[in-house]
Amino acid sequence: MNNKKLLHKTTNSFLIYAVIILLTAAPVFYYICQWLYIYETDEVLLFHKGDFVNQSHQNYTANDIAAWNKYNQNVRIVADMGVKKDSIVGEMLFEPVANEKEPFRILYAPVEINGKKYTYIEKRNLVEMEGMVFSVAAMFLFIIMILLIGIIWISKRLAEKIWKPFYNTLGQIQDFEIDKNNPPHFIPTDIDEFDRLNKSLERLIEKNTAIYKSQREFVENAAHELQTPLALFQTKIDTLQQLDLTREQSELVASLNKDVSRLNRLNKNLLLLSKIDNEIYPEQETIILNEYIEKHLDFFTEQAQAKNLTISTNLDNTLSIKGNKALAEVLLNNLFLNAIRHNVKNGVIEIVTENNILKFINTGPEIPLTEQTIFNRFSKVNPSSQGNGLGLAIIKKICDISHWDIHYSFNDNLHIFEVTF
Amino acid sequence: MKILIIEDEREIAQSIKDYFKTNGIQCETAENYNLAVTKIDSYDYDCILLDLMLPDGDGFEILKELKSKNKTEGVIIISAKENLETRLEGFNLGADDYLTKPFHLAELLVRMQALIRRKNFKGSNSIIFNEIVVDIFSKTVTVNDTKLDLTKKELDLLLFLIGNENKVLSKSAIAEHLSGDMADMLDNHDFIYAHIKNLKKKLTQAGSGDYIKTVYGLGYKWENE
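Chains A and B, in that order, give the protein sequences. Numbering of the first sequence is given in the UniProt record's numbering, commencing with residue 1 and proceeding in unit increments. Numbering of the second sequence is given in the UniProt record's numbering, commencing with residue 1 and proceeding in unit increments.
These are computed hints drawn from the structure, not numbers from a lab. Nothing here was measured: the structure is a model prediction, and the numbers come from that model. Every residue, glycine too, gets a C-beta built ideally from N, C-alpha and C.
Quick look at which bits of chain B chain A covers, simulated, 3 or more residues with Cβ under 8 Å: (1) 104-111; (2) 166-172; (3) 179-191; (4) 214-222.
Mimicking DMTMM-like on lysine to aspartate or glutamate, the simulated pairs with C-alpha atoms at most 20 Å apart in a straight line are: (5) A:Lys345 - B:Asp187; (6) B:Lys213 - A:Glu251; (7) A:Lys258 - B:Asp187; (8) A:Lys275 - B:Glu89; (9) A:Lys236 - B:Glu11; (10) B:Lys153 - A:Asp298; (11) B:Lys221 - A:Asp244; (12) B:Lys153 - A:Glu302; (13) A:Lys322 - A:Glu291; (14) A:Lys307 - B:Asp190; (15) A:Lys236 - B:Asp8; (16) B:Lys200 - B:Asp190; (17) B:Lys152 - A:Glu294; (18) B:Lys197 - A:Asp298; (19) B:Lys71 - B:Asp41; (20) A:Lys275 - B:Asp181; (21) A:Lys295 - B:Asp156; (22) B:Lys81 - A:Glu225; (23) B:Lys152 - A:Asp298; (24) B:Lys197 - A:Glu302; (25) A:Lys236 - B:Glu165; (26) A:Lys295 - B:Asp184; (27) A:Lys345 - B:Asp190; (28) A:Lys307 - B:Asp187; (29) A:Lys325 - B:Glu85; (30) A:Lys295 - B:Glu154; (31) B:Lys147 - B:Asp135; (32) A:Lys116 - A:Asp64; (33) A:Lys396 - B:Asp184; (34) B:Lys221 - A:Glu251; (35) B:Lys81 - A:Glu279; (36) A:Lys275 - B:Glu82; (37) B:Lys67 - B:Asp46; (38) A:Lys236 - B:Glu31; (39) A:Lys295 - B:Asp181; (40) A:Lys164 - A:Asp192.
Given the sequences, and given the hints that come with them, work out the whole structure.
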């Protein structure tokens with residue numbers, strides 16, 4: 001959707017309104033002016049005629065009339081044309097001075113001079129009206145234009161000023177992240193609505209941050225509190241297995257042992273996750289990932305033997321990255337373990353370093369995983385697997401915190417995890 | 001040998017006590033800070049196991065107390081706290097080792113033995129089990145004076161087994177011991193089978209007795225025939 005800016009939207013409405021008004025006002029104004037002028041001209045014509053009738057023209061002789069007609073350009077007395085009452089018409093007549101046809105108003109009126117019927121004809125040129133109407137219209141439009149531009153400009157400025165706290169609030173909320181420790185500070189405003197908005201947002205953020213914090217603390221505290229009962233569990237199993245057990249009992253204890261170490265692992269991972277969440281990792285150092293991979297290859301190769309996996313590496317490219325060493329190690333361990341855990345018997349793992357990219361490629365179930373959910377906590381594809389569903393969540397968290405990019409793809413029946421540094 | 005367990009969780013202290021008893025280790029317990037300080041003042045111990053979170057005080061205070069009284073007991077911190085700062089502070093205050101809860105009793109036992117060995121070091125430092133002699137210092141193993149060629153892991157495993165003589169060791173305890181820092185990552189403990197097999201072969205080939213016994217599905221046990 002093409003979103004418009006709030007300020008543009010109000011200004012746009014003003015502009016559209018102004019254009020419509022100008023476009024319709026111009027012709028309407030022109031015609032009204034013209035009509036008014038013609039009306040005035042007609043009044044003048046009738047007034048002249050009335051004047052003529054009232055004055056001493058009553059006793060004009062035919063010679064007088066001829067003389068009148070000789071010296072009068074605009075008023076002529078002619079023999080009765082059969083005009084019964086005053087009538088005014090508009091006509092285009094040739095004007096010798098301008099050498100072209102020009103608009104005229106012509107009054108034909110019946111008059112009686114010396115008991116004889118005549119027709120009184122008076123014409124008035126409308127050319128001067130055209131110019132006048134135009135200049136009046138232009139002036140008027142000019143004033144309207146200035147007025148509108150002023151209104152738009154002032155409203156725009158005013159709107160900018162009024163909406164300033166709103167934009168400030170908007171910017172702060174955009175930058176706000178609940179897991180970072182920097183609550184927004186809204187600038188105080190004297191506009192009631194914005195003040196209410198800011199206060200509501202402050203309350204909302206405060207409340208949610210508190211909930212988020214307690215949630216995080218809960219995970220951490222729960223995991224911490226579990227350490228002691230787990231320790232009790234562990235030491236008691238250790239003690240129990242020293243007793244003279246039957247084969248059946250031994251097998252039970254063995255399976256309990258497995259369970260307790262799985263619990264331990266889950267708890268350790270939860271602790272690790274909340275530690276990554278809560279701690280700040282400012283120490284940035286240069287880490288050569290190849291060295292770490294090579295150092296621990298033996299350990300993981302040993303782990304991979306149970307599934308008879310073949311691990312091959314292509315570490316020609318030296319991956320030298322900036323980041324926190326402890327986190328980078330946890331990331332690599334989890335990627336490695338993930339590739340082993342979800343592998344199939346006699347499968348392969350390939351570790352490749354490219355320019356700025358680390359790839360773990362492994363065989364596994366021949367169906368692609370859904371990238372949207374695999375990085376979620378406790379998202380397990382195979383519920384019976386030994387994994388606790390936190391490995392990939394830890395990987396994702398570390399990548400997020402270190403501004404690295406983790407990407408999963410499935411190609412040629414191979415699962416590929418790709419970290420871009 | 002006498003040790004002091006400073007731990008507010010009575011049952012953990014008791015488990016440690018029971019487990020160590022058969023190895024000839026005499027354990028005393030103190031479940032709070034005051035009792036611990038009184039006991040430290042009155043007796044000398046070979047080793048102190050110290051929980052950091054005590055109901056009436058901080059375990060670090062006990063370390064300071066020991067230091068101020070010039071006590072030389074080795075201290076192993078056993079704590080649920082798992083972070084670098086706590087660990088470093090512990091070592092700075094004079095602790096010798098740090099074990100995070102939950103732990104295997106077998107692990108605690110060998111760590112304590114190693115600590116006591118280090119403390120009592122007098123020229124020679126070897127563990128002798130019948131015909132097997134392990135020289136800790138030079139990291140060599142001989143059986144009837146024949147030198148064995150063991151990998152680092154196998155040597156580690158041998159020390160772990162001998163240290164826990166007559167104890168049934170679960171696969172997970174052995175696996176976690178062998179993996180060190182990486183122990184948390186393990187989700188399969190079967191890899192120890194290969195190490196056990198190799199060690200057993202090397203020992204018997206050199207003429208030693210077959211002391212490694214398999215305990216059904218549970219694990220292994222080092223036992224004098």
